[in-house]
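With the sequences and hints as input, model every part of the structure.
So the protein sequences, as listed, match chains V and S.
Quick note: the first sequence uses our numbering, first residue 1, plus one each step.
Quick note: the second sequence uses our numbering, first residue 285, plus one each step.
In case anyone wonders, no lab produced these hints; they're calculated from the structure.
There's no promise every hint is true.
Partial selection, computed: residues in chain V whose CB lies under 7 Å from chain S [stated by the list, open to error]:
hint, residue
1, Ser-92
2, Leu-149
3, Ser-207
Cβ coordinates follow ideal geometry from the N, Cα and C atoms, glycine included.
Next come the chains, spelled out residue by residue.
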Amino acid sequence: MLDDFLIRAALAGLGVNLTAAPLGCFVIWRRMAYLGDATAHASILGVALSLIFSLPLTLSVLLTASLMALLSLALSNRGWAMDTLLGVLSHSALAIGLVAVSFVSGIRIDLMAYLFGDILAVSQTDLLTIWVGAFLVVGMLAYRWSNLLLVTLNPDLAIASGIDPKREQLILTLSLAVVVAVAIKIVGVLLIVAMLIIPAAGARPLSRTPETMAMLSAVIGGSASGLGLIASYQFDTPTGPTIVCTATLLFLLINAMRPAIDWILKSRQKDRQAQPLNTGERHG
Amino acid sequence: MLIRVEGLSAQISGREVLRDISMGVEAGEIVTLVGPNGSGKTSLLKTLIGALTPSQGRVLKDQGLRLAYVPQKLHVEPMLPMTVARFLSLPKKKTASSIAQALTAAGVPGIEKQSIQGLSGGQFQRVQLARAMMDKPNLLLLDEATQRLDHVGIADFYHQIAAIRRDTNCAVLMVSHDLNVVMRQTDRVICLNTHICCQGKPDHGVPHRSISVSLGSAMRIWPCITISRMP
Numbered sequence: 001m002l003d004d005f006l007i008r009a010a011l012a013g014l015g016v017n018l019t020a021a022p023l024g025c026f027v028i029w030r031r032m033a034y035l036g037d038a039t040a041h042a043s044i045l046g047v048a049l050s051l052i053f054s055l056p057l058t059l060s061v062l063l064t065a066s067l068m069a070l071l072s073l074a075l076s077n078r079g080w081a082m083d084t085l086l087g088v089l090s091h092s093a094l095a096i097g098l099v100a101v102s103f104v105s106g107i108r109i110d111l112m113a114y115l116f117g118d119i120l121a122v123s124q125t126d127l128l129t130i131w132v133g134a135f136l137v138v139g140m141l142a143y144r145w146s147n148l149l150l151v152t153l154n155p156d157l158a159i160a161s162g163i164d165p166k167r168e169q170l171i172l173t174l175s176l177a178v179v180v181a182v183a184i185k186i187v188g189v190l191l192i193v194a195m196l197i198i199p200a201a202g203a204r205p206l207s208r209t210p211e212t213m214a215m216l217s218a219v220i221g222g223s224a225s226g227l228g229l230i231a232s233y234q235f236d237t238p239t240g241p242t243i244v245c246t247a248t249l250l251f252l253l254i255n256a257m258r259p260a261i262d263w264i265l266k267s268r269q270k271d272r273q274a275q276p277l278n279t280g281e282r283h284g
Numbered sequence: 285m286l287i288r289v290e291g292l293s294a295q296i297s298g299r300e301v302l303r304d305i306s307m308g309v310e311a312g313e314i315v316t317l318v319g320p321n322g323s324g325k326t327s328l329l330k331t332l333i334g335a336l337t338p339s340q341g342r343v344l345k346d347q348g349l350r351l352a353y354v355p356q357k358l359h360v361e362p363m364l365p366m367t368v369a370r371f372l373s374l375p376k377k378k379t380a381s382s383i384a385q386a387l388t389a390a391g392v393p394g395i396e397k398q399s400i401q402g403l404s405g406g407q408f409q410r411v412q413l414a415r416a417m418m419d420k421p422n423l424l425l426l427d428e429a430t431q432r433l434d435h436v437g438i439a440d441f442y443h444q445i446a447a448i449r450r451d452t453n454c455a456v457l458m459v460s461h462d463l464n465v466v467m468r469q470t471d472r473v474i475c476l477n478t479h480i481c482c483q484g485k486p487d488h489g490v491p492h493r494s495i496s497v498s499l500g501s502a503m504r505i506w507p508c509i510t511i512s513r514m515p
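Structural data, given as structure tokens:
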């Protein structure tokens, strides 16, 4: 069954989106979008290294992405504004990567496949890598969920509860590197951050707790990858960008319906609050 | 002593914020930190919770210390959906009944399902206090907890603190600017201006000379400070 490239593509898209969903929520909550970009851009350097030294792609992307993420962490609080610092790191990494790739002689490589992904060319090994990465990241986030939430809410509150914010931040940063490494084949370097942010942003108006937001963003991301795959097959468009477009459409749709959603959430809440009051009055 | 610091100094990006501080809090005691802006009050609390590493000196904690902290300002990212109940369950899961109980004790019953971003300043302050009390602490650290409250809110808040101490014998170390309240409800006042200017029981006698000399500008902000000399 897994021989069918469309099924492989669907499973790969699903795996990446399930991983990106909870992590994407943290990217939004902690305003790490630019860090995501920097990490993703650094992975082009990983592609170049893998071609030059014939290393496995995922491994070398994982290495460069982690290095970039750790470097940005280490350089923060050194007097540079975070977006300036990440702007320098992110774009130099992309440029150095592109230059390095051009040095690779012999094979002509399809750079577009790494910039925008090529979900239809996913092999069974890729699929395995994606799902192993997915389990690693989702498992790690689930295991530390409450600590991560408190650190995100306020680092000092976390410290007062005996949680080390630096360790939690390291976990998020390394998870980001893993997601980048497994997603590069699917959506490509330039659109990874889109798959992190758009589904999570779409889930926000529908959510009242962090857990619902993470789950709904998985639903939105999963639907986007499924529908996008079908659409790209139907209209013969590049798959990665089509998936991102679908996610954007879902995001717009949810936001257009936002007044109605707010109204429903509010009236449900009023019902809940009204109940104990009514019983109280009857007793009185 | 629940917590004690000895010869504590601390720096923030090269600037000395605390110099040679020695102080402590006894079980069940209410201690108030006063001092001008930038005098190191928040830094001292942060050193006590471990968010700021001292450059010199040490922090000694009693083995049975259960510490709770309410920060000066808690900005909650609007993109992070968070209900009151979920906030009280951070980081450890709490039962619905214990959450309801804590909210009632804090004077804000029945708001579990509301989003914390939609609360008024006074409600959120009470919710933070409820969260701080969830794990039954024996030392509560409050950093300018009444900053965003009106007069009624401030009075309510200090009644709440007094009630907490009365009911749970929890010690309180707070930073405060509400000096008239401080004078009535505090066992001990510590005047801070990078170093400890003076500390002692508040009384309504003549302002002590050491304070007027050492606090200087602070005295102009709080002309009503009258504290007896450190015992």
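So, going through the hints one by one against the coordinates:
About 27 Å separates the beta-carbon of V:Ser-92 from the nearest beta-carbon of chain S, more than 7 Å, and the hint is not met. Interface restraint check for V:Leu-149: the shortest CB-CB distance to chain S comes to about 6 Å, inside 7 Å, so the restraint holds. Checking V:Ser-207 against chain S: minimum C-beta separation of about 4 Å stays under 7 Å; hint holds.
In this structure, the one hint that does not hold is number 1.
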